[in-house]
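Work the whole structure out from these sequences, hints included.
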Amino acid sequence: MYTIGFDLGSSSIKVAITDMSSGKKIISLQEPIEEMKIIALQKDWAEQDPITWWNYVCIASKRAIVESKIDASEIAAIGISYQMHGLVIVDKDGRPLRDAIIWCDSRAIAIGNSAYNDLGKSFCTSHLLNSPGNFTASKLKWVLDNEPNIYECIYRYMLPGDFIAYKLTGEMTTTKNGLSEGILWDYKNNDVAWQLLDHYGIDRTMTPQIVENFSNQGVVNELASNETGLPKGIPVTYRAGDQPNNALSLNVLKAGEVAVTGGTSGVVYAVTDNFQPKEIERVNHFVHVNHTNEKPSIGKLLNINGAGIQYRWLKNLSGADSYQRMNEEVSEVAIGSDGVVVLPFGNGAERMLYNRNIGTHFYNLNLNMHHQGHLYRAALEGIAFSFVYGVEIMRNDNTIVDVMRAGNDNLFRSEIFATTIASLLGSEIEIYNTTGAVGAARAAGLIDGDFSKFGSYSTESDFIKTYSPEKNVEAYKEAYDKWHYELETLLKKK
1 MYTIGFDLGS SSIKVAITDM SSGKKIISLQ EPIEEMKIIA LQKDWAEQDP
51 ITWWNYVCIA SKRAIVESKI DASEIAAIGI SYQMHGLVIV DKDGRPLRDA
101 IIWCDSRAIA IGNSAYNDLG KSFCTSHLLN SPGNFTASKL KWVLDNEPNI
151 YECIYRYMLP GDFIAYKLTG EMTTTKNGLS EGILWDYKNN DVAWQLLDHY
201 GIDRTMTPQI VENFSNQGVV NELASNETGL PKGIPVTYRA GDQPNNALSL
251 NVLKAGEVAV TGGTSGVVYA VTDNFQPKEI ERVNHFVHVN HTNEKPSIGK
301 LLNINGAGIQ YRWLKNLSGA DSYQRMNEEV SEVAIGSDGV VVLPFGNGAE
351 RMLYNRNIGT HFYNLNLNMH HQGHLYRAAL EGIAFSFVYG VEIMRNDNTI
401 VDVMRAGNDN LFRSEIFATT IASLLGSEIE IYNTTGAVGA ARAAGLIDGD
451 FSKFGSYSTE SDFIKTYSPE KNVEAYKEAY DKWHYELETL LKKK
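At position 447 of the sequence shown the residue is numbered 447 (my numbering), and the sequence of numbers has no breaks.
FYI, nobody ran anything at the bench for these hints, they're computed from the structure. Incorrect hints may appear among the rest.
[Stated by the list, open to error] Using 30 Å as the maximum straight-line C-alpha spacing, the simulated DSBU-like pairs for lysine-lysine come out as follows:
hint	residue 1	residue 2
1	482	315
2	493	43
3	453	24
4	278	176
5	477	315
6	477	492
7	43	62
8	254	188
9	278	493
[Unchecked claim] Pair by pair, the computed Cβ-Cβ distance ranges are:
hint	residue 1	residue 2	range
10	313	191	41 to 51 Å
11	278	118	15 to 25 Å
12	118	365	43 to 53 Å
13	276	484	20 to 30 Å
14	123	447	52 to 62 Å
15	221	484	46 to 56 Å
16	468	37	35 to 45 Å
17	313	203	32 to 42 Å
18	67	188	44 to 54 Å
19	120	190	17 to 27 Å
20	276	485	24 to 34 Å
21	67	484	45 to 55 Å
A virtual CB, placed ideally from N, CA and C, is assigned to each residue, including glycine.
Here it is as structure tokens:
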């Protein structure tokens, strides 16, 4: 028997099929090959069409079945991972009323800040474990304030993964995990954050029914079966945001274990059972996949919007034919990029900078000395230094960092990038050959609650290598101190 997993990102839909008993990956692919379009109608806006997501889910599903040469009738369950914090609103017939407002959209910052001031730090800390911020709840309030005609037609609000689950099953549901990602969960009352919704004036009936993230959440209906090629009647048994799912994929389930991701955005995701955070304005706190009322588990997430997108921007601008070629040029430049400093924050407001949008900045360019290899290295170092800066914030918030784990994709394919982080933090980084889609597929088979399976998958099948700290870290520290100085100087001006 097999399981299938979908990972809904902002760049593509990834799908994987795994063997249900062993966890072995049978196939993994993505649609489209080129990145999906992000619609930016105004500065700091970011939207996508949910129907486009669904269309690529259908294409990817059919491709995976055909190219893997499996019998589709042997697919037993479906897992869904998805881009977090987005807002999808639908009418009674399940039709999206507007494009989804996705994770990197910054339009609701002022709304979240105002709610934080009105409700107070004490309430937000004890009930939400977060400031309302620029998350799903605040985005829904933005629709109420700015698009009242659309708001009046809303039947249910959803997160992106909820919408895909609906398209598969016809059931409009959400999860406690998902609600927490949208700052829609009240930890103290163990219920929907009704007080925040009431403060925003959001109709309570718009909240979908809650299902457990490991459970039968509905079965594939006839229409979805025809569109995806999946057998009618197989259940969706797992749903989680992409970062908690990535942590599960990397066997990050307890305090001291940290998952790091270097995609379009960068993420540091640690696990804790501490319900008294200090950094609720800069660090996010969500229900982790293995959370129970009896044994709480919270994911502490720090996001860096300007990560891989910065390196990709340089690739496109310079006309480089591959990231490998860029990394080769990086290796020819000394640590510290001969003085060039890049602040890579050019992809919307950065929560770890108190929701400020400071943009991307290049410093100390010498037109007689520096070439594109210096720009590549400075950008790569700037992103790495952002990770270090973020981990320092998390450590100040009582976060334990014993081991860091990452998938073998995007920025962590670069030895220089990973070694820079490892050296400055004094922590090893373990690299695993897994993806969010593979993790979602494996999680779909986790019907007995045995999380130790993921440990065996990682140690027996997925482990690739470990990046260890360099013994001589002075050059790294000097470069980081220069970067940190430029960042703090700029923040004082903003």
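task: Find the hints from earlier in the document that the structure breaks and name them by number, from lowest to highest.
output: 7, 14
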